[in-house]
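Trainee: Protein chains in written order, with my numbering: chain H, 1 to 114; chain G, 1 to 115.
If you're looking for bench data, these hints aren't it; they were derived computationally from the structure.
Be aware that a few hints might be false.
Only pairs whose alpha carbons sit at most 25 angstroms apart, straight line, appear in this in silico DMTMM-like list of lysine to aspartate or glutamate [stated by the list, open to error]:
hint, chain 1, residue 1, chain 2, residue 2
1, G, K22, G, E75
2, H, K58, G, D42
3, H, K77, G, D42
4, G, K101, H, E8
5, G, K101, H, D54
6, G, K101, H, D9
7, G, K57, H, D106
8, G, K13, G, D30
Derived Cβ-Cβ restraints for the label pairs, each shown as a range [said to hold, decoys possible]:
hint, chain 1, residue 1, chain 2, residue 2, range
9, G, N96, H, R42, 38 to 48 angstroms
10, G, T18, H, G62, 23 to 33 angstroms
11, G, T100, H, Q71, 37 to 47 angstroms
12, G, S70, H, Q10, 38 to 48 angstroms
13, H, N17, G, T100, 40 to 50 angstroms
14, H, R42, G, R63, 23 to 33 angstroms
15, G, E82, H, S80, 39 to 49 angstroms
Here a beta-carbon is modelled for each residue, glycine too, at the ideal position from N, C-alpha and C.
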Amino acid sequence: AQSVAQPEDQVNVAEGNPLTVKCTYSVSGNPYLFWYVQYPNRGLQFLLKYITGDNLVKGSYGFEAEFNKSQTSFHLKKPSALVSDSALYFCAVRDGPNAGKSTFGDGTTLTVKP
Amino acid sequence: AAGVIQSPRHLIKEKRETATLKCYPIPRHDTVYWYQQGPGQDPQFLISFYEKMQSDKGSIPDRFSAQQFSDYHSELNMSSLELGDSALYFCASSLNSGATKNIQYFGAGTRLSVL
């Protein structure tokens with residue numbers, strides 16, 4: 001079974017400050033990890049993924065995430081937040097390449113204040 | 001670039017009615033996924049199809065059924081609608097090979113309201 005936890009419902013940061021949105025996961029095999037962003041009344045948009053390779057993954061809009069196997073974490077980060085980054089962020093996991101579904105976390109609302 | 005198309009965007013039904021949601025994947029994508037997202041909740045996986053065959057099944061109620069057609073579009077059929085079925089229904093598609101393998105691309109969703 002696969003599961004994802006996003007421990008924070010809300011993250012508030014000031015514009016220009018670094019941001020971190022936390023995610024931990026549990027899978028029986030090799031984790032395939034994803035971050036998606038959802039703007040109001042919009043579909044989920046892919047940000048970045050980790051399959052294999054470098055633990056630091058760079059994605060869209062200046063976001064990056066670090067895969068930490070020992071801590072089973074995949075936290076989303078950005079060095080300098082923008083007001084336009086305010087949205088709902090979902091972490092997702094798949095248990096290897098043949099899993100038919102992604103399991104999503106509960107989502108974290110990021111609010112970036114000017 | 002073409003994206004995942006879902007229709008209709010909004011749908012209002014009454015209890016015990018039926019509804020059909022349609023999803024047109026990105027061209028050449030071979031896998032389609034359906035998710036249900038209730039208000040303030042994360043997306044819950046319902047069902048997926050790969051090459052027109054059901055590939056995985058999640059928390060899809062027995063009242064719902066889905067299929068993928070020869071042109072790879074998919075339809076989610078919902079019968080005996082209940083108030084609790086009111087949600088945003090997302091379709092996603094992916095290509096089971098290449099650099100974008102395992103990345104799901106989502107449509108804008110169909111917002112179903114059951115009155």
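Trainee: Look at each hint and say if it fits the structure.
Mentor: We went through each hint and held it up to the structure:
In summary, the hint linking K22(G) to E75(G) is supported, as the alpha carbons are separated by about 5 angstroms, within the 25 angstroms threshold. Between K58(H) and D42(G) the alpha-carbon distance is near 24 angstroms, which keeps this suggested pair within the 25 angstroms criterion. Proposed proximity of K77(H) and D42(G) is supported: the alpha carbons are some 20 angstroms apart, at most 25 angstroms. Only pairs whose Cα atoms come within 25 angstroms are accepted, and K101(G) paired with E8(H) is rejected, the gap being roughly 29 angstroms.
Restraint check for K101(G) and D54(H): satisfied, since their Cα atoms lie roughly 18 angstroms apart, inside the 25 angstroms limit. In summary, the hint linking K101(G) to D9(H) is not supported, as the alpha carbons are separated by about 30 angstroms, beyond the 25 angstroms threshold. For the hint linking K57(G) to D106(H), the alpha-carbon distance of about 20 angstroms falls within 25 angstroms, and the restraint holds. Taking the CA atoms of K13(G) and D30(G), the gap is near 31 angstroms; set against the 25 angstroms cutoff, the hint is violated.
For N96(G) and R42(H), the hinted distance range of 38 to 48 angstroms is not satisfied, since their beta carbons lie about 26 angstroms from each other. For T18(G) and G62(H), the Cβ-Cβ distance of about 45 angstroms falls outside the hinted range of 23 to 33 angstroms, so the restraint is violated. Distance hint check for T100(G) and Q71(H): the Cβ-Cβ separation is about 28 angstroms, which falls outside the suggested range of 37 to 47 angstroms. The given range of 38 to 48 angstroms is respected by S70(G) and Q10(H), whose C-beta atoms sit roughly 45 angstroms from each other.
Take N17(H) and T100(G): their Cβ atoms lie about 32 angstroms apart, and the range 40 to 50 angstroms is violated. In this structure the supplied range 23 to 33 angstroms holds for R42(H) paired with R63(G), their Cβ-Cβ distance being about 28 angstroms. Take E82(G) and S80(H): their Cβ atoms lie about 46 angstroms apart, and the range 39 to 49 angstroms holds.
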